[in-house]
Each structure stands twice: as structure tokens, then as C-alpha cells.
Amino acid sequence: MTLFITLAAAIAAAVIWLLKPEFARKNRIGFLALMYFGAAIMWTVDGFAALAEGEPFVELSDAAVVKDDALLGLCVVVLGILIWGIYRTVKNKFATQRNA
Amino acid sequence: MACFIVPAAEAIVTTALRHHVNKVEAPAAAAACETPGEEKITWKRKLTWLNNMLWGGAALLMLEHIWHGEVIFAPPFLTAMRSAADTQAMLHEMATVGIGMAVLVTVVWGAMILVADRVPGLRRRLVAEGSGK
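Which chain is which? The protein sequence lines are F and L, in order. For the first sequence, my numbering gives the first residue as 11, with consecutive numbering after it. For the second sequence, my numbering gives the first residue as 14, with consecutive numbering after it.
No lab work stands behind these hints, which were simulated from the structure alone. Be aware that one or more of the hints could be misleading.
Have a look at the derived ranges for each label pair, beta carbon to beta carbon [unchecked claim]: (1) L:Phe86 <-> F:Pro31: 34 to 44 Å; (2) L:Gly134 <-> F:Ser71: 38 to 48 Å; (3) L:Leu104 <-> F:Gly64: 19 to 29 Å; (4) F:Glu32 <-> L:Ala97: 48 to 58 Å; (5) L:His105 <-> F:Ala80: 27 to 37 Å; (6) L:Ala39 <-> F:Ile96: 24 to 34 Å; (7) L:Ala97 <-> F:Phe104: 40 to 50 Å.
For each residue, glycine too, the CB sits at the ideal point set by N, CA and C.
With the hints as constraints, model all of the structure from the sequences given.
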């Protein structure tokens, strides 16, 4: 579930980057999308490793685990937004100082 | 258990490489930008994509490891290091899953470069973004 939620966030950020170029450039949406895609790729590898050990790619049969993973996924998205917010603020501040 | 450390280690290397590449590339990149049609996406920019995926992915995976109690904020920081057997398992996971993660992210990055260099509209947009236009 964490993988699916992170992948959904990555795709959403990528769609914004594609459809709103000026907004994406000013707000560094590319960084946000790449961060989520990087995590999604890593969790995909984790899923294949679980398959190799005879476990499911993503645990969907245990409701408690699904709920826990979904909550983790939401926290991952929130953390990603926090990191992006700090990155965007710092980068834009440096860009403003450079242009001044 | 601590598989995110391998992509983070790769990110340290690529970050250092990016600084070096930037120094080497800067004069040629500036000249290319002044000639329409000659604009190229710099390797500094391309390495930034890889860095963002590696660092971002490692940071988000670290949250997952904290969530599952595999990373703590006191020594030894990795709970797997409390016993020799768990440490062995952790090292094995880093060597298999960790390296697999780093490799797949790098392969995807390679594909991104191929697409970005070959699709003219995308290349122009990425060059413009990189130059702050």
C-alpha cells in the first residue's frame, strides 16, 4: 500500500509538472516528483525481494497490515511535501539573492 | 533492514561527481546556450535528477525503517546491529536489495536521459528550466 500511495503521489506531481510548466518551474515540482519516483522504485525492488522469499509483492490480505501501510504511505507523502517545501524555499531564496 | 543506506551511499558519490562536472562543464554550457539549436541538457542537470531520486528515495525509505522500528535515534541506530545474526541478515539485505535499489534507480535515470535528449520539445523545456528562463 505504501508503494501504491507513493506512486500515486509521484504521478500526480509529474502530471502537474507536465501540464503547468510555469508553476512547476517556480515551485520546483520536478524535485517533488523525482523524490516520490525514487522511493517508489526502491519499494518496487523491495516488493520483488519479498516475492523471491515467497511472500506477496504487497501484503493485501491482512487488514491490519494494509491499514498500517496506508498510514505509512500518507506519512511518506507528508514528509515528501515537507522536504520539498524546505528545498523550494531555500532554492528560491538563493535564486533571488543571486539575481539581486 | 537498512537497504536505503546503499542508495544514500551512491547519492554521496553522485553529489560529489555533480560538483566536479559542474566546474568542468560550466564554460562550454554557457557558450552553447548562446547558440539557438545548440542547447543541451547539461550533465550537472542530469546528475541532479539522479541525486533527487536517490536522496529523496533514501529519506522516504528511512521513514519507513523508523516506522517499523529498524532505525532508532540512539546507538547502535540500526536495531539489526544488536546481534551478530541480525547484522549478517542486514548486510545480506544491503548487498542484495540495497544494491538492487541503487541499480534500478540508475537504470531508470539512464532511460530518462535517453528520452530527454531525444524528444525536442522536452529537451527545450528542460534546458529552459535549467537556465532559469
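Outcome of the hint check:
no., hint, result
1, L:Phe86 <-> F:Pro31: 34 to 44 Å, "41 Å, holds"
2, L:Gly134 <-> F:Ser71: 38 to 48 Å, "45 Å, holds"
3, L:Leu104 <-> F:Gly64: 19 to 29 Å, "21 Å, holds"
4, F:Glu32 <-> L:Ala97: 48 to 58 Å, "56 Å, holds"
5, L:His105 <-> F:Ala80: 27 to 37 Å, "29 Å, holds"
6, L:Ala39 <-> F:Ile96: 24 to 34 Å, "27 Å, holds"
7, L:Ala97 <-> F:Phe104: 40 to 50 Å, "47 Å, holds"
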